[in-house]
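Enquirer: Going down the list, the sequences are from chains S and P.
For what it's worth, our numbering labels the leading residue of the first sequence as 1, then goes sequentially.
For what it's worth, our numbering labels the leading residue of the second sequence as 1001, then goes sequentially.
Hints in this document: simulated from the structure, not taken from any laboratory.
Wrong hints could be hidden among the right ones.
Facing chain S, from chain P, some residues (calculated, C-beta under 8 Å) [stated by the list, open to error]:
#	residue
1	I1017
2	A1098
3	G1186
In silico DSBU-like cross-links for lysine-lysine, where the CA-CA straight-line distance does not exceed 35 Å [what the hints assert, rightly or not]:
#	chain 1	residue 1	chain 2	residue 2
4	S	K60	P	K1060
5	P	K1029	S	K133
6	S	K77	P	K1054
7	P	K1048	S	K60
8	P	K1048	S	K133
9	S	K77	S	K134
10	P	K1048	S	K77
11	P	K1058	S	K75
12	P	K1054	S	K58
13	S	K59	P	K1048
14	P	K1058	S	K133
15	P	K1029	S	K58
16	P	K1060	S	K55
17	S	K75	S	K59
18	S	K55	P	K1029
19	S	K58	P	K1060
20	S	K134	P	K1058
21	P	K1058	S	K60
22	P	K1048	S	K55
23	S	K55	P	K1058
24	S	K77	S	K58
25	P	K1060	S	K134
26	S	K75	P	K1029
27	P	K1029	S	K59
28	S	K59	P	K1060
29	S	K77	P	K1060
30	P	K1029	S	K60
31	S	K58	P	K1058
32	S	K77	P	K1058
33	P	K1048	S	K58
By construction, the Cβ of each residue, glycine as well, lies at the ideal position given by its N, Cα and C atoms.
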Amino acid sequence: MRYVTYLFIGILFGIIMYKSEAASWFRIYEMFQFGAFHMYGLMGSAVLLGIVGVKIIKKKNIEPIDGDEMSLEPKNKSVTRYLVGGIVFGLGWALAGVCPGPMYVLAGAGYISIFVVLCGALIGTLIYGVLRKKLPH
Amino acid sequence: MNLIYDPWAWYVGGPLIALVLFLLLFAGKQFGMSSNLRTACAAVGAEKVADYFKYDWKSKRWNLMVVLGAAIGGFIASYYMSNSTVEINPEVAQQLAADYNITSAGEQYLPSEIFSLDALGEPFTIFILLLGGILVGFGARYAGGCTSGHGISGLSNLQLPSLIAVIGFFIGGLVMVHLLYPLIFG
Chain S
1 MRYVTYLFIG
11 ILFGIIMYKS
21 EAASWFRIYE
31 MFQFGAFHMY
41 GLMGSAVLLG
51 IVGVKIIKKK
61 NIEPIDGDEM
71 SLEPKNKSVT
81 RYLVGGIVFG
91 LGWALAGVCP
101 GPMYVLAGAG
111 YISIFVVLCG
121 ALIGTLIYGV
131 LRKKLPH
Chain P
1001 MNLIYDPWAW
1011 YVGGPLIALV
1021 LFLLLFAGKQ
1031 FGMSSNLRTA
1041 CAAVGAEKVA
1051 DYFKYDWKSK
1061 RWNLMVVLGA
1071 AIGGFIASYY
1081 MSNSTVEINP
1091 EVAQQLAADY
1101 NITSAGEQYL
1111 PSEIFSLDAL
1121 GEPFTIFILL
1131 LGGILVGFGA
1141 RYAGGCTSGH
1151 GISGLSNLQL
1161 PSLIAVIGFF
1171 IGGLVMVHLL
1181 YPLIFG
């Protein structure tokens, strides 16, 4: 039953990504050219509502339906890993024109080429796993 | 305006993304779409090459359900709720055509010059897609999250590391589009 919930949330996410065009290469390119407000508005409004909602959750101590803690633990402090990792991610985001979520959305939409990107992402993850101890974090 | 068939404006999509964030929080999970890459590697036995994949990946299987759902959502949206064309700023579209011969803006969802099956016959295209994927996968795990994990979840929780990561995302993206695109595609 739990898994059905996650599946349903995923379906909703997939429809939103496709319909809001966040899964489109064109929108990503346009964003990095500062050609439209679309992507900034999309992320900005999601984050603004997110900040307000998370504040309310924390203030009122709202718990998830299964009674555990909300998954809002603070992240580890570091600059190197977030900045360098972030830049590498950004290079790939702009080169392939997709980030991890939309990859699956586009796979479902029938774009065969996206499986090459997905293979690359798995290889990249594997490379990180192997090099992890040698990288500054 | 036809809400089912027309593309959704940012003020429709943005709040709905926030809704997904809260649905996952209420289900006891955190919104993030790249950790499943680690789960997938671990599930096929990558612990043999690195300790990083030696963990209880079965506890993260919910992640794979979200991803499967995202693919189903993409199928439903593209086949039943969209004509799969994306209109971008006409100036950017013109510039794309002039600089890189990418002329499918306004006619396709993804540029057919890169994502069509014909284009996939070119080794250059495969190289670009594979390299893009590798950078995304490596970068997301190094930074500990992607556009959803840091960009939406982390920023909503006012995490400084997420802000640093998002700044990194944009530095990388701007460098790629403005400095490297002319070298790669020019």
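Enquirer: Could you grab the alpha-carbon distance between K60/S and K1060/P and see if it respects the 35 Å cut-off?
Expert: holds, 28 Å
Enquirer: Would the hint linking K1060/P and K134/S be met if the CA-CA limit is 35 Å?
Expert: holds, 26 Å
Enquirer: When you check the alpha-carbon spacing of K1058/P and K75/S, does it fall within 35 Å?
Expert: holds, 23 Å
Enquirer: Between K77/S and K1058/P, is the straight-line Cα distance small enough, at 35 Å or below?
Expert: holds, 27 Å
Enquirer: For the pair supplied as a hint, K1048/P and K133/S, is the alpha-carbon distance within the 35 Å limit?
Expert: Holds, because 16 Å separates the two Cα atoms, which is no more than 35 Å.
Enquirer: K1048/P and K55/S: Cα distance at most 35 Å?
Expert: Not OK: K1048/P and K55/S at ~42 Å, beyond 35 Å, violated.
Enquirer: Can you confirm whether the C-alpha distance between K77/S and K1060/P stays at or below 35 Å?
Expert: holds, 24 Å
Enquirer: Checking one constraint from the list: CA of K1029/P to CA of K133/S, max 35 Å. Satisfied?
Expert: Answer holds: K1029/P to K133/S is near 28 Å, not above 35 Å.
Enquirer: Holds or violated: are the alpha carbons of K1029/P and K60/S at most 35 Å from each other?
Expert: The given pair, whose Cα atoms are some 18 Å apart, holds under the 35 Å limit.
Enquirer: Tell me if A1098/P is really an interface residue toward chain S, meaning its C-beta lies closer than 8 Å to one of theirs.
Expert: At about 13 Å, which exceeds the 8 Å cut-off, the nearest Cβ of chain S leaves the hint on A1098/P violated.
Enquirer: Are the Cα atoms of K1048/P and K77/S separated by 35 Å or less?
Expert: Status holds; Cα separation ~29 Å.
Enquirer: Within 35 Å, alpha carbon to alpha carbon, are K55/S and K1029/P?
Expert: holds, 17 Å
The structure shown violates the earlier hints numbered 2, 3, 7, 13, 22 and 33.
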